[in-house]
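**Q** Residue numbers (the numbering used here), protein chains in the order written: chain U, 1 to 295; chain W, 1 to 88.
It is worth saying that the hints were derived from the structure and are not from the lab. In this text, a Cβ means the ideal position worked out from N, Cα and C, and glycines have one as well. Do not rely on the hints blindly, as some may be mistaken.
Covered stretches of chain U, going by a simulated chain W footprint (3 or more residues, C-beta under 8 Å) [said to hold, decoys possible]:
#	region
1	69-83
2	242-254
A partial selection of chain W residues facing chain U, derived with a Cβ cut-off under 10 Å [said to hold, decoys possible]:
#	residue
3	6
4	13
5	14
6	15
7	48
8	60
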Amino acid sequence: MLDISSQLTFLGLTFIAGFIGALMGIGGGIIIVPALTIIFGVPIKEAIAISIVTVVATSISGGSSYVEQRITNIRLAIFLETSTTIGAFIGALLVLIVSGQYLYVIFALLAFYLAVSQILSVRREVRRIESNDFMSITQDRVSRYFHLRGDYFDESIHHKVDYLVKNSIIGWVVSFFAGLGSGLLGIGGGIFKVSVMNIFMNVPLKAAVATSKFMIGVTAATSAILYFVAGLLNLDYIAPAAIGTMLGATVGTAVMNKIKVKWLKILFFLIMCYIGYNMLGKGLLLTIGVRLPFI
Amino acid sequence: MLITGVIVSGVIFALALVMHIVMPTKLEVVYTLALLGAAVLIFTPYLRVLVALGAFFYNREYKFAILSLLVLIIMVLSLMAGLIFHIA
């Protein structure tokens with residue numbers, strides 16, 4: 001069992017992970033897994049298992065707050081959740097037979113692409129939010145069939161933002177791969193879900209963040225249960241990790257809607273670059289044995 | 001709904017930490033509490049999807065009731081795969 005001071009240190013770290021995770025609609029595993037393996041010397045598989053449980057913790061504490069604030073689009077979440085959980089389930093099973101080394105490179109390239117799209121779309125999104133322009137598109141048949149649309153009240157500019165969802169099929173397919181990656185690589189996949197909704201499906205960033213926050217809990221619980229009943233969960237770290245991320249997510253969700261979209265997008269860009277670099281590093285190390293700095 | 005799961009598991013985890021500080025020798029109590037907290041946490045999303053399923057069905061939104069049911073089935077499949085993996 002850990003001593004009290006390292007438990008409190010760990011609680012502090014997971015608080016930060018929970019806070020950033022709430023702002024971005026992601027799980028925070030990108031912070032928790034390296035912290036556990038590098039600082040605390042936990043084996044990678046145990047670190048992933050702990051991380052995935054904390055993702056459930058941050059999602060249900062952060063997600064419920066966004067549902068109350070009416071930013072979450074539950075219909076859209078359920079729609080995308082059908083493909084993403086299938087992906088996560090297949091991915092978790094595939095872990096037993098294939099290795100994820102080439103996937104790291106593919107996901108790294110995707111992360112860089114999405115990072116650039118985020119930074120390029122800052123002005124356009126700010127303008128569209130201010131002029132409430134997310135309604136003037138034509139929906140595809142699937143989005144129309146499921147009545148995928150929504151609205152939320154943006155507290156940073158004090159008005160309601162309405163939107164119609166488009167490209168549901170593309171979104172559904174990309175969600176499948178986000179789920180597959182999450183099962184295979186032990187990442188939450190929230191960063192991909194937010195980007196898919198925001199960049200391809202015409203969902204404003206804040207609504208995408210809240211919807212992703214809700215979704216990742218369901219996806220993570222699907223893989224967490226595998227680790228839990230298989231007895232892979234290291235109980236030493238669970239209590240401080242869960243409390244830290246819950247508190248962090250609570251604070252994060254309280255401030256997210258007050259932040260201007262521009263700053264959220266810039267934060268997104270930075271985090272996506274970090275994730276892309278991290279994955280590229282892992283991929284290159286595993287495929288051709290090249291070690292990038294800081295990996 | 002979700003918030004109840006957060007509060008219940010949060011309280012259990014906090015109790016585990018307090019027990020660890022107050023009675024550092026009784027590790028089995030701390031571990032049992034941590035295990036219980038994790039169980040509550042993981043099952044909360046299961047319950048959340050179940051409630052969504054019920055709500056969509058009640059509101060006669062059958063398209064979404066079916067989608068929720070699909071998600072729930074995959075979640076249960078994963079639980080069963082975990083059990084099989086554990087036994088094997």
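**Q** Please go over all the hints and tell whether each is borne out by the structure.
**A** Status of the hints after comparison with the structure:
{"no.": "1", "hint": "69-83", "verdict": "holds (count 6)"}
{"no.": "2", "hint": "242-254", "verdict": "holds (count 3)"}
{"no.": "3", "hint": "6", "verdict": "4 Å, holds"}
{"no.": "4", "hint": "13", "verdict": "4 Å, holds"}
{"no.": "5", "hint": "14", "verdict": "6 Å, holds"}
{"no.": "6", "hint": "15", "verdict": "9 Å, holds"}
{"no.": "7", "hint": "48", "verdict": "7 Å, holds"}
{"no.": "8", "hint": "60", "verdict": "13 Å, violated"}
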